[in-house]
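Each chain, letter by letter, is given below.
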Amino acid sequence: MKSFGGEVLFLDRSDINTDEILPARYLTEISREALGPNLLEDLKLEGFDPKADISGKAVIVTRANFGCGSSREHAPWALEVNGIDLVVGESFARIFRQNMYNCGMMAVELPAQTIDHLFLRFAGKKTTASVDMEKHTIVFSADGASETVSFSISGFDRELVAAGGWLEYADAHY
Amino acid sequence: MGKTIAQKIFDDHRINSPDSDIQVIRLDAVFCHEITTPPAIVDLERRGKDRVFDPSRIKVVIDHVSPAKDAKTAVQGKILRDWARRHQITDFFDIGQNGVCHALFPEKGFVRPGYTIIMGDSHTCTHGAFGAFAAGVGTTDIEVGILKGVCAFKTPETLRINITGHLADGVFAKDVILSIIQRLGVSGATHKVIEFGGPVVAAMDMESRMTLCNMAIEAGGTCGICAPDRVTADYLWPFIKDAYASVEAAMADFSRYLPDADATYTDILEHDVSSLSPLTTFGYKPDQVCPVHEMAGTPVDQVYIGSCTNGRISDLRIAASILAGRRIHPSVRAIVSPATPEIYKKALAEGLIQIFMDAGVCVTNPTCGACLGMSNGVLAEGEVCASTTNRNFNGRMGKGGMVHLMSPATAAATALSGSIANSPLFSEKGTSEK
Chain A
129 MKSFGGEVLF LDRSDINTDE ILPARYLTEI SREALGPNLL EDLKLEGFDP
179 KADISGKAVI VTRANFGCGS SREHAPWALE VNGIDLVVGE SFARIFRQNM
229 YNCGMMAVEL PAQTIDHLFL RFAGKKTTAS VDMEKHTIVF SADGASETVS
279 FSISGFDREL VAAGGWLEYA DAHY
Chain B
144 MGKTIAQKIF DDHRINSPDS DIQVIRLDAV FCHEITTPPA IVDLERRGKD
194 RVFDPSRIKV VIDHVSPAKD AKTAVQGKIL RDWARRHQIT DFFDIGQNGV
244 CHALFPEKGF VRPGYTIIMG DSHTCTHGAF GAFAAGVGTT DIEVGILKGV
294 CAFKTPETLR INITGHLADG VFAKDVILSI IQRLGVSGAT HKVIEFGGPV
344 VAAMDMESRM TLCNMAIEAG GTCGICAPDR VTADYLWPFI KDAYASVEAA
394 MADFSRYLPD ADATYTDILE HDVSSLSPLT TFGYKPDQVC PVHEMAGTPV
444 DQVYIGSCTN GRISDLRIAA SILAGRRIHP SVRAIVSPAT PEIYKKALAE
494 GLIQIFMDAG VCVTNPTCGA CLGMSNGVLA EGEVCASTTN RNFNGRMGKG
544 GMVHLMSPAT AAATALSGSI ANSPLFSEKG TSEK
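Protein sequences, first through last, are from chains A and B.
Under the working numbering, read the first sequence as residues 129 to 302, first letter to last.
Under the working numbering, read the second sequence as residues 144 to 577, first letter to last.
Heads up, a few of these hints could be off.
Claimed, not checked - Simulated crosslink set (DSBU-like; lysine-lysine; CA at most 30 angstroms straight-line):
no.: 1; chain 1: B; residue 1: LYS192; chain 2: A; residue 2: LYS130
no.: 2; chain 1: A; residue 1: LYS179; chain 2: B; residue 2: LYS542
no.: 3; chain 1: A; residue 1: LYS179; chain 2: B; residue 2: LYS192
no.: 4; chain 1: A; residue 1: LYS172; chain 2: B; residue 2: LYS542
no.: 5; chain 1: A; residue 1: LYS172; chain 2: B; residue 2: LYS215
Just so you know, the hints here were simulated from the structure itself, not pulled from any lab data.
Construct all of the structure, not just a fragment, from the sequences and the given hints.
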């Protein structure tokens, strides 16, 4: 099973759409790698600087309805080529969520109060997240203190992650 | 317990259920365009799996950037074109026969009640207007769809919206769906199918139903869906006349996909549109909706009439009726993109193109165009567009641009005044007295 975790990027806004994650003007690229420099280029979020803030991050923690709008899988790909393969939020748009698991990546939903707490406790600090895929926990750590949150993942989503994505899973089953 | 339209379609197409709330269904059609399908083709080639499950069930169009604008978009078109040729996909619509996918494919008769359809395009929900389950998906779902003819979905829950009352003159399907998105919010229908019904939907033609279903995704919906009826059967008749003895016989067959009276819905909303006035959006989310009169006088730089939402012949007729014999305001530029060649030809034959050109409007070839700022009609930073499209996201029509969504009638009136304005088809006095 693929391992998840690393430094966290906090995006404190709901309804971040896939045009913001990867603007349509870059959809002319065929290679995923070419999308890398344009991740979150149009994000409307005060104080956010894509050039400075994305580097070195492996996990995003955000609010509700992340990934709404266009179905472009270029959004998860742009995350992936920047080393981000886990997004934790209150909720996700259906297509984005499916695209993440279809790519063998994870979109983990946590209750709103847990997300609130994570923002209060960790946002603005250099925070790391460590995922245990057996215990279904994420340990968030900053300034020497840490906190463990549990998450649930459906059997199907887990199998997609284990297989490396929907193509691999479907090829074995259908 | 009774079943919704989507449940009946899933029952007919289920292959298995790999998890408690996941169903893998058989696909009747996989639709493809040149932005999201080429990466699937390239990946299948790389994996040594360059096959298609059934070339007759794959429909392909170049529509987002047409004709190609540069070397990269030329390559996207070439990958799609070469793939369609080598797999004998005969329903491939190249430059000259191409149009906006969600206008072109219904026009070709590719959508039928009870069908399951996926496409790598979020506005695939448009095709639910025919009583089909049609969902936008990502490239990996398209890849598996091309290869295996299957797709996995959560068991669809359905939100029923009964649209009641009577639409005032000058108020259109676009205004209705904007009012519904305002009510539901941008994630109000996430993981749900929106079943549109009631007397207002029953009275709508197929083009209006497509406008309605087209924007289900803007409330997060998996699909919008309308029950198939005589309007559906009449629209489809040229394509199905050899399969059925009569329109009535087709309707009887399609009735398999009517929702049961005791169907289980997650919610049933009554949505009375009698007092609805023309709407537009402010801000960067499609649920930020207000009456046009509240935005009246807001200057715009560009007016865009087109797209899978409102680029059909009825939309062009309405816009032309307002622009006829007039000139657009000198401070704006206006673009009309007929959504398909058939629509373009009809507009020519009916004199609509002449009206647009006499009004000073730029008429483009059928393409997705300005809607997502990929090809023509891109805004400069700080510019404002009054648009009949479906998304007002930040940067959608060009970095730093602002988009106000509205009906073709409002867009045409806005082109004449140079700032957001209600159309003469709508009487503000009439509604304020109600």
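Cross-check of the supplied hints:
{"no.": "1", "hint": "LYS192/B <-> LYS130/A", "result": "holds (24 angstroms)"}
{"no.": "2", "hint": "LYS179/A <-> LYS542/B", "result": "holds (17 angstroms)"}
{"no.": "3", "hint": "LYS179/A <-> LYS192/B", "result": "violated (38 angstroms)"}
{"no.": "4", "hint": "LYS172/A <-> LYS542/B", "result": "holds (11 angstroms)"}
{"no.": "5", "hint": "LYS172/A <-> LYS215/B", "result": "holds (28 angstroms)"}
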